[in-house]
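**Student:** In case you want the letters, here they are:
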Amino acid sequence: MNDDILLETRDLRVEVNGVPILGGIDLTFKIGQVYAVLGPNASGKSTLAKTIMGLPEYKVTGGDILFNSKSILGESITDRARMGIAYAFQTPPRISGVKLDDFICRVCPDYQCSDDSETFMGETCACKQILYDDFERLGIRNLANRDLNDGFSGGELKRSELFQVLSMRPKVMFLDEPDSGLDYDSLKIVGKELKAIREKHEVTLVIISHHRYVLEFLEVDKVYILQHGKLVYIGDMSDIPVLEEKGYERFLAEMTG
Amino acid sequence: MPSDNKKKRAHSAREKPSQYGSDIDLENYNYSTSKPNDLESLDELSEQDRILTQEVGFDPSQERVSATFMQFDNESFLADVLIQQEGLEVMPTDQALQKYDWLHDYLWNAVQVDTDKYTARSELENYSGYFIRATAGSKIKMPVQSCLIMKKNQSVQNVHNIVIAEEGSELHIITGCATPSNVEQSLHLGVSEFYVKKKARLTFTMVHRWSEMTDVRPRSATIVEENGTFISSYAILSPLKSIQTFPKVRLVEPGAKADLYSVVYGSKKSKYDIGGLLSLEAPNSSGKVISRSIATDECEIIARGDLIGLSGETRGRLECDGLLVSNTAVIRAVPMLAARAEGSELSHEATVGKVGAEQLSYLMSRGLNEEEATSLIIRGFVKLKVPDLPPALQKSIDDAIKMSMEGSM
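Chains A and B, in that order, are what the protein sequence lines are. With the working numbering as the guide, the letters of the first sequence map in order to residues 18 to 274. With the working numbering as the guide, the letters of the second sequence map in order to residues 153 to 561.
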């Protein structure tokens with residue numbers, strides 16, 4: 018049974034700049050399942066994802082993170098990325114002078130240039146056309162030749178992040194508020210893309226959100242609700258409309274007594 | 153100016169220290185006394201020299217160039233214009249001065265001979281260097297390449313270059329200066345004077361690679377006439393003992409334009425003092441001085457930029473950006489703006505910072521390791537939008553960064 022557990026946290030405690038954010042969290046994520054991690058502002062949702070990715074400001078003070086049953090606390094961000102953990106940033110930093118298309122060719126195996134690595138920043142490579150077609154699908158063809166995250170709109174950032182994370186062919190991906198700042202059309206594009214991933218049952222999808230917009234587009238297997246750095250509720254799809262109606266405070270008060 | 157007058161002025165400035173940079177005792181070096189020999193052809197280049205020249209953007213196969221000039225120390229030369237190029241002249245400066253009387257009016261015209269002890273010394277010793285001219289209306293599409301190599305210990309390479317783009321001409325020059333890393337104590341004195349006539353367009357790209365014991369004191373200046381364009385890109389990628397240079401560009405007639413770009417990749421204990429001055433002297437003249445500095449190891453970089461608006465209806469822009477990749481390196485950005493006429497619009501931006509931790513984490517989360525991520529950030533940082541930057545030079549910059557990253561991390 019435990020064979021299909023991909024990732025779990027055990028009594029995970031995390032602090033940022035000396036301030037405790039997560040106070041002992043136990044979560045499991047199974048292969049090919051879709052999870053929603055919900056909770057009010059400042060409940061620790063993003064911290065959870067960033068800690069699992071290994072970002073240095075997020076200091077683990079207790080507990081463990083297991084990936085394929087092995088602790089990854091000692092692994093670097095790079096190693097975690099290479100073992101199949103991906104995190105779509107909520108506000109990714111600008112990288113001047115690095116074009117989105119060149120960057121994707123550099124980091125995503127699917128688009129890796131057949132040209133030798135010496136010339137990857139060069140003018141053109143043959144594999145670009147395939148990349149451009151895929152950009153088109155997420156509506157970010159216009160960003161191809163722009164510096165990474167430089168002046169991208171909110172919606173463009175989300176779609177560019179989703180594109181990058183997907184292209185890395187991860188085993189588990191954390192999407193940090195993939196629906197915030199999206200207009201309805203963008204939301205539909207993102208939702209459709211996520212639904213397609215879900216249908217393949219290959220990638221474990223963890224969606225961090227405080228509202229339900231994107232969740233309307235795909236079925237979630239499990240809902241985790243965090244509050245004040247603790248896991249306070251485990252539920253499923255059917256809880257979401259109730260949650261929306263009542264709000265976190267009332268919902269949690271009623272459900273957890 | 154008669155030549156004995158020049159000598160007189162040079163003598164008067166023999167002891168005059170430079171405005172910037174550490175002082176060098178010019179008596180510690182040997183100056184060339186003999187006349188240089190001709191180098192028969194580039195086939196005579198040793199494999200080692202061939203690689204060295206390629207590192208500064210030189211193409212020994214001469215495939216995509218219109219002419220080649222090459223010089224070793226002060227001793228041997230090659231000046232070769234590929235036959236089909238009409239309107240292009242490339243020859244050693246001393247030969248050109250013998251051939252053309254009028255050229256004496258261009259010698260020490262843009263650069264003043266009594267600027268400091270280095271210009272003075274350059275005039276007083278034997279010098280060589282190149283004269284490159286595009287005649288009126290000639291469009292020389294392929295670049296002229298030049299390479300100056302300095303191999304002797306304790307010696308001085310003293311060059312005086314004169315470049316003239318006549319009215320309506322187009323000329324591109326790629327020049328490299330290099331010293332093999334085993335050369336001990338040497339000095340490069342380089343005087344370069346550029347003249348861009350009406351509606352002419354001159355691009356000048358220069359790459360430096362020196363040894364750790366070389367001091368370098370280039371002195372160059374440019375005069376741009378009506379609607380002429382001068383674009384200069386400079387890259388220094390190697391460690392060295394010290395360099396101080398502060399090229400001046402004067403836009404003397406309406407519509408003149410100049411852009412100066414520089415990339416300094418500082419390493420080891422090297423001292424770089426590199427600047428650029430743009431003097432906007434006529435209406436509708438405009439230009440930019442843009443520098444990117446990366447400081448690694450224990451190097452010290454001073455990036456100066458100076459804009460002077462002497463006429464109304466002028467526009468100048470200055471950008472000095474520095475990236476620190478070491479706790480023991482220093483970058484000082486010194487932007488200077490001086491408007492002396494109403495309607496001269498001058499602006500600047502100067503930033504000095506470290507590689508952002510957030511940027512690193514972000515790139516690492518996409519599977520790059522720390523070294524690759526740092527290198528990508530640096531490469532992005534120096535990726536200037538330089539018009540006509542030869543791909544070979546871009547590659548040379550990329551390679552230098554890559555090599556240095558591998559060596560230091």
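Hints are computed from structural coordinates only; laboratory data are not their basis. A hint or two may mislead.
[As the list claims (entries may be wrong)] Heads up, simulated DSS-like pairs for lysine-lysine below, C-alpha to C-alpha not over 27 Å straight-line:
no., chain 1, residue 1, chain 2, residue 2
1, B, K421, B, K303
2, B, K350, A, K116
3, A, K116, B, K421
4, A, K76, B, K506
5, B, K350, B, K293
Values in this document were obtained by computation on a predicted structure and should not be read as measured data.
**Student:** Among all the numbered hints in the text so far, which are the ones the structure does not match?
**Tutor:** 2, 3
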